Structure formats: structure tokens, C-alpha cells
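Once you've looked at the hints, dock chain B against the given chain A.
Protein sequence lines correspond, in order, to chains A and B. If you're matching positions, the first sequence starts at 1 in the numbering used here and goes up one per residue. If you're matching positions, the second sequence starts at 1001 in the numbering used here and goes up one per residue.
Keep in mind the hints are simulated off the structure, nothing from the lab. Fair warning: this is a prediction, and the values are worked out from it, not measured in the lab. Quick reminder that beta carbons are idealized off the backbone N, C-alpha and C, glycines included. A couple of the hints might just be wrong.
[Claimed, not checked] Chain A regions said to be covered by chain B (calculated; three or more residues, Cβ under 8 Å):
| no. | segment |
| --- | --- |
| 1 | 221-232 |
| 2 | 235-249 |
| 3 | 343-350 |
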Amino acid sequence: MSPDDSSVRTLSCPACGGTIAMRAAGYTVTLACEYCGTLIDATDSDARIITRYHEMQASLAIPLGTRGTLRGVEWEAIGWLQRSDGWASWEEYLLFNPYAGYRWLIAQNGQWSLGTMLTAAPQRDGPDQIAAGRRFSPFYSGNTARVTRVAGEFYWRVKVGEEVRATDYVRPGFMLSLEQDDREKSWTISELLTGREIRAAFDVDPPPAWLPGITPLAHQPSPYARRLKGWWPIATLSFLGLLVLLILLGGTMQPQSFSLAATPDGPAVSQTFGPIVLPLGRQAMTVEAVTPNVEQGWVDIDVSFVDRKTQDSYDAYALNERYSGQDSDGYWSEGNRSQTLKVASLPAGTYDLVVDVQAHHWGSSGSFAYDTASGTYKADGLPPVEIVLTVARGARFASNFWLAVLMILVPPLLMLVLHILFENARLAQKDGSPADADDWLQGMQSP
Amino acid sequence: MSRSSFLYALWCIGVLGLYLAAASQGYSPFADGGRTAGAYRAYGPTHK
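Isolated chain A (complex conformation) (with noise of 0.2 Å):
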């Protein structure tokens, strides 16, 4: 669908001489020259001037008389002006097509809406609007918007302090609007576009990417909600892999047992267990200590696999302890007589277990004799700790399994909080009563 040039109609304007083309004769009622800004009077045949400006036409991002095709319409830009409301200004072109009528394209803060006049007025529910099948939540009210720079032709007496009480209510991507004055209310709907869409129907840049800082329009989308929510299914897919992973290599087999005992206060125990052969690669071993008798004392357990051939030493230490007694809460006891221990990427060979274990007494029960070791006293006549050592290759290590978790999970904290950020910034433009958990959960909403 193509206008027919023979609507376009050109004449001199009356303040410069410059010639302007009429691009919707027959519709257009005022024309503000391109040249000079001067408004005429496109229904008089001698094209009276109804505002003379002087001032440097503005130099517009669509250049009027420009076409372009948007949602499979060919229009063509035949006015543009220039609005602000006192805290913001933007633009609005005048888009027309001979069959399809009129349309806006408002562009602010680098974004393009396609505004569409509605021809019935919405349906309040509450303090909502229902336009069109979709659901508008109040957000700008009582704004009073001024036009302030104007040119070409437009389908009423459009001037430079042309006034309008503005309302605006919002969803994601979509922008209701009330636009009254004393004589007549509009209602309009404008659609934000994408970048690709504006581009390649006018040529423009596309819109900047959001950072924080950065005032979002008021019925533009979060681009974090969006990816939230494509990302949650791939995280959860993730997390179920993983437990897979988890349950089926974190198991341990061929447990070997070897036990020890160490007196009290006694001198230390060293004593070597072994062959325990790992065959392939690299795997990690699980070395379960339990000292079931230890009682009002603690055992230092230092375990050391040594490679027979390279007489290489993989070292981890255990405390097993336990402490008990009674006091005015009654009885109470602390400490661990078990203590698991996960020796990471052993290298495949034949090793050693060396086991080093001291057992301590704590307190002042059992008797005492004097160490001129040691130059203290301590326990005597106390029984052996025993020691009771599992040593199994694997392990499960649930801190590789968390911090999986966590990788999976910062990519989407961190859109989480950018999403966060914009609305943040969204919201806080929102004129009436603050932004409640409705309006969050509108953020979240597609377009």
C-alpha cells in the first residue's frame, strides 16, 4: 500500500518562499514550514500564517516526508513536534497513510512507541483500564504537556503552547494514555518498538541499552525479566543434572579399616597400615576416624598417605574430642567422637597409611603424676583411646556440589538484581500511591 502522489500538494510559504509539500491534502488543517517553523493555515487558499517562528528548525531524526513500513503499513512522516510536560520532553511524529489513517510515533529517551488513537474509550475496572484486551495500571496522573516545537502538517490547529492534561496508565511495552482539554479527550495506546523494527522502518539508531543510572520509560519492559525467565528452566535443568552427578560419582568403595590405641597424656603413636593401591588416574579418599571411647579429652589425628615409589605425602589432620558434665542447667556434653576426612586427587600407585595419634585427658579427674618432660602434671592410669580408621577411595564432596550451585545461580542473581535496579528506577517515576507488589509483578509480565 502506497499513498498516490497526486494527494501531495505543494505551495510557497508566505513568511520564507520556501516550498512545502502537503503531503495529506484534503486531511491537513495546519502546516508548519520546514524551513522556518512558521505555522499556516493549510484550509485557507492563500495561505494565511497563523504563528511566525524564526527559530532554527529542529533537525529530526526522520526527516519529514520520509516513509517506512511498520506492522506491514507503509507510512509516511508528515509532522513532527516537540512536547514536554515541565520534568520531560520527547517527540512525536505524525505518521500517515491514505487508507490507514493516522498514527504516532513518540520517540523519548532514544525509545520509539507506535501510538494508535482509540476510537472507543476503555473500560475502567477499579483504578485500572481495560483497553483493547489488556489490562492498564495507572501511573502518570494529572500532567500537564505542552507542545514546544512543531513542523509540518498535522489534522487540527496544532501551535507552539498548545496545552493538554495528560493520564497515563501502563503495562509492560504498552502505554495508555488520556489526553484532555476543555473541548475533547483522546484516548491513545502506543506500543514500544524494538530497535530492529524502528530501524528498519526508518533508519534510525536503535535504543540504548539500559544501564544503571539510566530512567527507564515508563511502559518499558525490564530486559532482565525477559531473561529471568527463559534462564529459570535451564537453571533448574542444571541443579537436576547435577544431583545426578552428585549421586553417581560421589559414592566411596573397597573401605579398609585399620585401628590403634593411644594412652591418654601418653607418649604419641605412630603406626604405618597398608598397601592401599589405587589403580587409575586421580581419586580422592575418605578416611572415617572414630574414637568411640574418648571421654573428657581429645585425640589429635594426623593421617598421611606416602606413595611407596615416589614417597610423595598427602596429609589431613582430625580432632575428635568430647567434653561432658553437670551444672545448674543439668547435664551437658560437646565435642565429636567421629570426624570424617576427604583427601582430594591422589595420583594412582601404592601407599602407605601413617597414622600419627596423641590422645589428651582434659580436667582434674583420674590421677595425676608429675612429666619432668613436659615439666606438668598429667592423667595417669587412665584406659587407651581407641582408634578406628576407614580409609575408602571417593568421596562426595558437597562443597564442589554447592559451589556449582552457585555458579549456575550468579548469572541469574545478577539479572535478578539489574531487574531489580530498573524497576527500581521504573517505579519510582509512578506518580499517586507507591509502588506496591502489583506493580512488581506487573515488571515481570512479557509484553
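Chain B alone, transformed into the frame defined by chain A:
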């Protein structure tokens, strides 16, 4: 699938691959092995 979802899926596959590699090598940055030298040892009950 959007480009960002594709990249995130690649990231997750990479994490799973790293986990699998660590599990097959019996590796963990938080293993007890080799901890003896720097281990802090405190003895005795903390009960008050």
C-alpha cells in the same frame, strides 16, 4: 531460544563439565587433605 538463553545454557553446561571433571579427578578446593600444616587447633570444652 534467545541468544541470552543460549549463552546461559552454554555457561551451565560449562559448570556441569567442570563439576564432572573435578569429580572424575577426585578434586575439591575444599578437601581436608593437606590441611594439617595450616590447621588451627583449639582444645578443650567451650561450655560455660
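The hints, checked one at a time:
1. 221-232: holds (count 4)
2. 235-249: With 7 residues close enough to chain B, the hint holds.
3. 343-350: holds (count 4)
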